[in-house]
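Colleague: For chain A, the structure is supplied; the task is to place chain B on it using the hints.
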Amino acid sequence: MNTQLLIQLLINGLVVGTLYGVVAMSFVLIYKATQVVNFAQGELLLVGAWVCWWLLTKYQVPFYLGMPITLVFMFLFGIAIQIVILRPMIGEPIISVIMVTIALSTVFSALMKWMFGVNLQPFPRIFETQNINILGLQVQTVYLMSLAVSLAMMVGMAWFFRLSKYGLAMRATAFNQQVAQSLGISVKSVFAMAWAISATVSAVAGVVVAVVNGVSAGLSAYGVKVFPAAILGGLDSVGGAVLGGIIIGLLENFAHFLDSEYLHWGNLYEIAPFYALIIILMIKPYGLFGTKDIERV
Amino acid sequence: MTETTEVNRRTPAQATGALLSVRNIEVVYDKVILVLRGLSLEVPKGAIVALLGANGAGKSTTLKAISGLLKTEDGEVIRGEIVFDGERINGIDPDKIVRRGVFQVMEGRRIISDMTSIENLKLGAFTRTDDGIAGDIDMVFRYFPRLKERTGLAGYLSGGEQQMLAIGRALMARPKMILMDEPSMGLSPLLVKEVFAIISEINRDLGVTILLVEQNARAALSVASHGYIMEQGKVVLDGTAEELRNNEDVKEFYLGGAGDQRKSFKNLKSFKRRKRWL
Numbered sequence: 001m002n003t004q005l006l007i008q009l010l011i012n013g014l015v016v017g018t019l020y021g022v023v024a025m026s027f028v029l030i031y032k033a034t035q036v037v038n039f040a041q042g043e044l045l046l047v048g049a050w051v052c053w054w055l056l057t058k059y060q061v062p063f064y065l066g067m068p069i070t071l072v073f074m075f076l077f078g079i080a081i082q083i084v085i086l087r088p089m090i091g092e093p094i095i096s097v098i099m100v101t102i103a104l105s106t107v108f109s110a111l112m113k114w115m116f117g118v119n120l121q122p123f124p125r126i127f128e129t130q131n132i133n134i135l136g137l138q139v140q141t142v143y144l145m146s147l148a149v150s151l152a153m154m155v156g157m158a159w160f161f162r163l164s165k166y167g168l169a170m171r172a173t174a175f176n177q178q179v180a181q182s183l184g185i186s187v188k189s190v191f192a193m194a195w196a197i198s199a200t201v202s203a204v205a206g207v208v209v210a211v212v213n214g215v216s217a218g219l220s221a222y223g224v225k226v227f228p229a230a231i232l233g234g235l236d237s238v239g240g241a242v243l244g245g246i247i248i249g250l251l252e253n254f255a256h257f258l259d260s261e262y263l264h265w266g267n268l269y270e271i272a273p274f275y276a277l278i279i280i281l282m283i284k285p286y287g288l289f290g291t292k293d294i295e296r297v
Numbered sequence: 298m299t300e301t302t303e304v305n306r307r308t309p310a311q312a313t314g315a316l317l318s319v320r321n322i323e324v325v326y327d328k329v330i331l332v333l334r335g336l337s338l339e340v341p342k343g344a345i346v347a348l349l350g351a352n353g354a355g356k357s358t359t360l361k362a363i364s365g366l367l368k369t370e371d372g373e374v375i376r377g378e379i380v381f382d383g384e385r386i387n388g389i390d391p392d393k394i395v396r397r398g399v400f401q402v403m404e405g406r407r408i409i410s411d412m413t414s415i416e417n418l419k420l421g422a423f424t425r426t427d428d429g430i431a432g433d434i435d436m437v438f439r440y441f442p443r444l445k446e447r448t449g450l451a452g453y454l455s456g457g458e459q460q461m462l463a464i465g466r467a468l469m470a471r472p473k474m475i476l477m478d479e480p481s482m483g484l485s486p487l488l489v490k491e492v493f494a495i496i497s498e499i500n501r502d503l504g505v506t507i508l509l510v511e512q513n514a515r516a517a518l519s520v521a522s523h524g525y526i527m528e529q530g531k532v533v534l535d536g537t538a539e540e541l542r543n544n545e546d547v548k549e550f551y552l553g554g555a556g557d558q559r560k561s562f563k564n565l566k567s568f569k570r571r572k573r574w575l
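Protein sequence lines, in the order shown, are assigned to chains A and B. Each residue of the first sequence is one higher than the one before, starting from 1 at the first, in our numbering. Each residue of the second sequence is one higher than the one before, starting from 298 at the first, in our numbering.
The following block holds chain A by itself, in its conformation from the complex (with noise of 0.2 Å):
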């Protein structure tokens, strides 16, 4: 057994993972506060890398200062699309809204491809040092880099809707809108959050991928393989998004482990999270964390 290649694979797991994981946080956040299944998460990703990829090539701006304009941006593009697109569908059945954010992502894909091209486009490097070493591994240092962002990510987002007044807002609104807005809380402005974290959010995972792999349409792959993992979590939790991500990471790459040394079916990795899918909600319905209702009878 090729046990170097196993460890290379699981860490690459890991990683992947934890973006897997902070994509579906995005994702939950916005199914949480809204209701609203977001087809369009991929494309927020990909918003993201495209337009920081722009802020660093075509003008040249540092790594340090492109990232918090590209957030910034991102924040207000959020709030945009929920004032604009969403506001004016609350009332209207859900499904109409989902099929909004289905219209979003053919939208934003296709501009995308409009204004950057369909070909790849390497990223500018950031670091200095390709590779570290760690206990005899060759870690590349925007994989650590990824790791760390992802973390930073995953504690501020507990943070946040543990501690902060607008998460208990938001976990408010998501618990019943009426309640929310009997505590003077404004539900407009809570969906407006929502989505604007949830696009920030995103943006960093799409700039991490993107620094990883390069920019293309290709990106917004990451919306779809976030389905699982929130899925898998439980629609409605934060934590369990964020494990799914993980879980969905490690599978993959053990597929992918399992095929190229085993089996030679090819492209095991891209349907393995899938079967994993079907298994555990079969046993779990709900998700590994997803809440039933307290009921007091």
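Note that these hints are calculated values from the structure, not bench results. We put the beta carbon where it would ideally sit given N, CA and C, even for glycine. Hints should not be assumed to be uniformly reliable.
[To be verified] Calculated Cβ distances over 12 Å to all of chain A for the following chain B residues:
1. Asn321
2. Gly343
3. Ala351
4. Tyr440
5. Glu446
6. Arg501
7. Glu539
8. Asp546
9. Lys548
[Unchecked claim] Not the full set, but computed from the structure, chain A residues with beta-carbon under 8 Å of chain B:
10. Leu168
11. Gln177
12. Gln178
Modeller: Chain B only, in chain A's frame:
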């Protein structure tokens, strides 16, 4: 819509200047169902006023009209006005009404079951920006000591504890006025007593004005200074708590067992006739 209709009821608050006055409001749901048909009431500053009536009389709708939550249920005030603290508040978003100092404790507690008590209390103070919040949590625990012992999720609290949490959450907003919808719902008679004792204590200590909607007329009139009785979207009788307690009709219809005997359905006609205010 802006016409100001004369308040045609004798109200005790007119002299002192009411904190809340509801003037001849009409409320429709879904643009067609008329629920309140010209309802007026006044709540003097610092008082507890009870709003009594049978199921479907429109009591909860009245509260939601005041707090603005009607909007979330496709309801609308189509006529009349609601004036709080000298300013007209109908048509304003519910979150802004909370900021003006009107806080509704909704029917059925509606605490957030997947949060802890403390998180629920913190949310009560959402509109506040001052630094007295931690102190006020202690204050709530002084009123309801048993909440402090229950550190788990609020969904696992007993019905009485949930009601206490809901009232505590309202206190956290430091409101000028609390609208309470059926605090006695689903509670044992002993707990009802306890909760109402605390309601009157809160009113006395903190000077919070309370508009209390109740089915349990006896309990409500024991703490209120003044009461209104609603039937089919209108106020049909009002007076001081004392007057209402001694009113024959109120005794018969709301307090039960008016002296002699219970009425059977055979006497439905006389029953209806005796509701002379209709």
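Colleague: The structure should be examined with respect to each hint, and the outcome stated for every one.
Modeller: Hints, verified against the model:
{"no.": "1", "hint": "Asn321", "in the structure": "25 Å, holds"}
{"no.": "2", "hint": "Gly343", "in the structure": "22 Å, holds"}
{"no.": "3", "hint": "Ala351", "in the structure": "24 Å, holds"}
{"no.": "4", "hint": "Tyr440", "in the structure": "19 Å, holds"}
{"no.": "5", "hint": "Glu446", "in the structure": "18 Å, holds"}
{"no.": "6", "hint": "Arg501", "in the structure": "25 Å, holds"}
{"no.": "7", "hint": "Glu539", "in the structure": "32 Å, holds"}
{"no.": "8", "hint": "Asp546", "in the structure": "34 Å, holds"}
{"no.": "9", "hint": "Lys548", "in the structure": "34 Å, holds"}
{"no.": "10", "hint": "Leu168", "in the structure": "5 Å, holds"}
{"no.": "11", "hint": "Gln177", "in the structure": "7 Å, holds"}
{"no.": "12", "hint": "Gln178", "in the structure": "5 Å, holds"}
Violated hints: none; the structure is consistent with every hint.
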